[in-house]
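Engineer: Just so you know, the sequences run in chain order A and B.
Numbered by the UniProt record's numbering, the letters in the first sequence go through residues 1 to 654 in order.
Numbered by the UniProt record's numbering, the letters in the second sequence go through residues 1 to 346 in order.
Read the hints as simulated data drawn from the structure, not as lab findings.
Hints may contain errors.
Here are a few chain B residues that face chain A, going by a calculated C-beta distance under 7 Å [claimed, not checked]: (1) A4; (2) H11; (3) G24; (4) V145; (5) M148; (6) N152; (7) N286; (8) I287; (9) V301; (10) A320.
For glycine and all other residues, C-beta sits at the position ideal for the given N, C-alpha and C.
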Amino acid sequence: MAATTGEREVEEFLLPIPKIKNGILQSVLGMGKQLHVFQAQRPSSKTSGARDKGNQTIFDVQWNAEMHDIARKLVNETHNIFVMLQGQVKSLSQPMLYTQLRKASKQYRSVLKACSMELMQIADACVDDTRKIKYEEHIQEFEMVQLIWSLCEIIFIEAAPGGLILTPLLDWLQWHFQEGNHLALEVTQSEQPSSHPSYWEAVNRLLLQGNTDSVRKLLALHVYSHSEPFLGVDELLRKMPRWTYQHAQSAAEYEMKWRHWRDECIRRYEAGEFTAYKELETIVQVLCGDEAVFRELKNQCETWYHLLVSKLLYQNPTVRLKDLSFEIKACQAVYNLSSPQSQELDNILQATMECDIHQVIQDSCNFLSNRSWWFVSHLADILHHCGQLDPQKLPFGSNLREYLLLEYATSLMAHKSLWQVGVDYLDFCPVFGRSYLEAYIEHIPLETESKAHKVLHLCQERDLLAQAQSVCKVMGMKCLKQDRLGSALSWFLKSKNATVIKQVTDRFLTEYCEKGKFSHLDLIDHLGPSMLVTNSLTFLGKYREFHTLYDKGDIQGATSLLLSLISSRLAPKTFWMTMLMDALPLLNLPQVVLNVQQTYELKHCLEELQRDGTSNYYKNLSDSEMDKLRLLQLALIRNLSRAIIKEGSITNIA
Amino acid sequence: MFVAQTIASEHKDLIHDVSFDCHGRRMATCSSDHTVKVWDLENGKWKCTASWKTPGGSVSRVTWSHPEFGQILATCSFDRTVAVWEELGGDLSTKGDSSANAWLKRISLADSRTTVTDVCFAPKHLGLQLATCSSDGIVRIYEAVDVMKLGNWQLQCEFNCNLSLSCLSWGTSRTSAPLIAVGSDDANIAAGAKVLIYEYSETTRKWHKVSTIYSVKEAVHDVKFAPSVGRPFHQLAIASDELTIISLKNVREESRQISSEHSIFEIRQSGRFNDHGSKVWRLSWNITGTILSSSGDDGSVRLWKANYLDIWKCISVLKADGGAPEEERASIHAPSMSSTPGSFRY
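Using the sequences provided together with the hints, build the complete structure.
Structural biologist: So this is what it looks like as structure tokens:
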């Protein structure tokens, strides 16, 4: 596979264990960005090669794990911006949407800036050196992301094709290169500004950023500021034409003015007006756009992209977006090869200036996604909605925006509390979002009831029926194993799965047989329509209703309910005897409540049980139970005779 | 990358297998020392909550069922048996009570006359099913008769692949017919293809061979279907002399023919890598099937990821540190960032 330019080497990670002769390393991937690595026996070898057999270690190796803890605020606040923007994408049409997209891009950047500043404060206050280094790494990364993002905003989001580009680029410089301002402040606060060692450096830095007002203020502090050369420079700076967004001037008009002004600079420089002061000559050389002086000032520009913008300001201020790339190589050549890290940043910025959006994203993925996909995914989302990304489909059916959002959401889903944010991102991935969500929901640990309810609610909102069922079954099974029958039943009821519900109701009945009473009466009494989910549950509910009726003294109601329960044969056979015993007090009442037909019904039931259950049931009966059985048989026969007499006499009267 | 935690397994010999439960909060390990251990993640630390010796000797594989069915493990040992274990009493005992949780052997499945080489629970939408393969080439599929009483398992199907089998993997897609891929470690290249794909037919109630991966002729040590997460194709990783990643697309599905006939797969090779420079032994996917880890005979573990153009690349290598001095080792033990910033990326 051909390696693309600037690609990194594969990362190597060493585990703190010695190599062993017949061993290999084996690994299992867990939830999220987690890998368990251990030494295992090479499958082909018969003997184990472990020298120290009693010390087998498993390494829990993780990556990308900490970004979200440090940048929680970033994750949460940009999540709000993202969700709002997706809503606007749906509801707004083009000119309005474009305004919102620009706004969102600025909002993302301002949240990032705020987080970066907050992190700086934390880092300053931090006493632990290793933590401090870690914070500083993050700050550095945040700063780089800001630098790239604001340039991308200028070039891909804000720039009108064919429009002038320099003014926003100067803003970009002034925003990200603050050293000139810092120095200027230091100089002005000193007692004798013009003899401050950084006086001229401050002047030059500000000049290279086109901050002419500040330059003039500094020059005015010089002891000789009233001499001719100083006044001359001040005049040139004051007269320098500026292109602004607001001015209703055409580019051609501006260019004419600018050429006129530069001619004046060159004329006055060549006339030797400033030879008295070397530093002033440098300033005017810059104003003239002199090639050599920029090379001299390269340290004050720090980077090639600063130099590029500075040169354009004084050499070609009407540069268009498409011409930007011609100057890059020359500016890069001024600087020596830089460290690999800044090389990667350089590549991204260069690709941005060359308007190669896919290269920008690809390089950013390689370089910046090591801790978070936050940057690329949010940027790609905006660019996608701006119509800057090809809508081309990827090999497996989604697009670049979705691919990146999925990666970002994936990193959130593995987090113990940010997973809910991840869910919202998955909601906006039309192709694979739902499948990813399904996969993750099945793997989200359900440590507590409340978390399970949260996950269940999330499934119901999104119509994920299979997953909702699975959550209920997992929770129900957990409760069942802990003998929490009530909770188990209420979870299984939510899953509407008859087989598992039957398991719990059977347990309820067994418990009743053993203890003679039901636990979780409130639950059984309030089953409502869910009683109809399965027969076993219907039976449980109705049987409980029989007890309620009996306790209330509604003998007629209780009797007919019990009989219908017995004749329906809904109950498991093991429970029949219990029900027949329930009939015993009814049979022994002074008045006859069971008629002939009903008494025969009970007798049939008992006989069926005796025929079928001889093997199991009777063997295990204790003496007292045998007594009860005899009592029942007796009561049945007595009731039968009473009922026959009673029914017979009623017939006679009729 | 960093070591977040080192877990002293207290296994007295090399570990054969480590398996996570569905939620990644429990882990089972098995070893040459004949024991199986269960670990729970408590307050961010892995704690051994159960450990027991199995009668069957060295335990080669351990795997979890879906928690919908309870807390169930299946193991296979070198004595040719497969055992199903269930935890009693749930995790109430982990609160306060420090006594180890009780795991009970529910059944021993001793149908195989040769070594059982792999054991896998089916994806949960197929119910509580367990597939095993053995070195005499027979794949057996068992199903729990009653999910609540695990003492009774029925041998549902059995088919002979006529190749010494080393590994098997269930297809993960919920929407297509059940699939099983098997791999053979038969070293004889002349014996032909070493990876076969079987599909279950609802109409015949049998497993049929639907595809043969001809591109892999060397001994195969592991096969793993990636979680499907909505992909319109199956993705299978094969560990052999090289690592191969293939995608299988059902052509029938595309033409919307009735699924009463078996699938016809169009096979595409997504990547083939010899980065290990030696045999590849074991494979593992992450839960979205976007990262694959492979362990090779060169003693390294490699992580693989596809970029947005579906080009797979090695993104990371983990190795044993040849001979780090004791104190240096201790410093690496401490959770810390790797020294170079941005050293992990895709």
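Engineer: Does B:N152 hold up as a contact with chain A if the rule is Cβ-Cβ below 7 Å?
Structural biologist: 15 Å, violated
Engineer: Would the hint on B:N286 stand, with a C-beta cut-off of 7 Å toward chain A?
Structural biologist: Nearest chain A Cβ about 4 Å off; hint holds.
Engineer: May I ask you to test the interface hint for B:A320 with respect to chain A, counting a Cβ-Cβ separation under 7 Å as satisfied?
Structural biologist: Because about 5 Å separates B:A320 from the closest Cβ in chain A, which is inside the 7 Å limit, the hint holds.
Engineer: Does the nearest C-beta of chain A fall within a distance shorter than 7 Å of the C-beta of B:V145?
Structural biologist: 12 Å, violated
Engineer: Against chain A, with CB atoms and a cut of 7 Å, does the hint on B:A4 hold up?
Structural biologist: 4 Å, holds
Engineer: Report holds or violated for the interface hint on B:G24, using the least CB-CB distance to chain A and a cut-off of 7 Å.
Structural biologist: 3 Å, holds
Engineer: Answer holds if the nearest beta-carbon of chain A is closer than 7 Å to that of B:I287; otherwise answer violated.
Structural biologist: 5 Å, holds
Engineer: Against chain A, is B:H11 within 7 Å by beta-carbon distance?
Structural biologist: 4 Å, holds
Engineer: Under 7 Å is the threshold here; is the Cβ of B:V301 close enough to any Cβ of chain A for the hint to stand?
Structural biologist: 4 Å, holds
Engineer: Using 7 Å as the Cβ threshold, decide whether B:M148 counts as touching chain A.
Structural biologist: 5 Å, holds
Of the numbered hints given earlier, the model fails hints 4, 6; all others are met.
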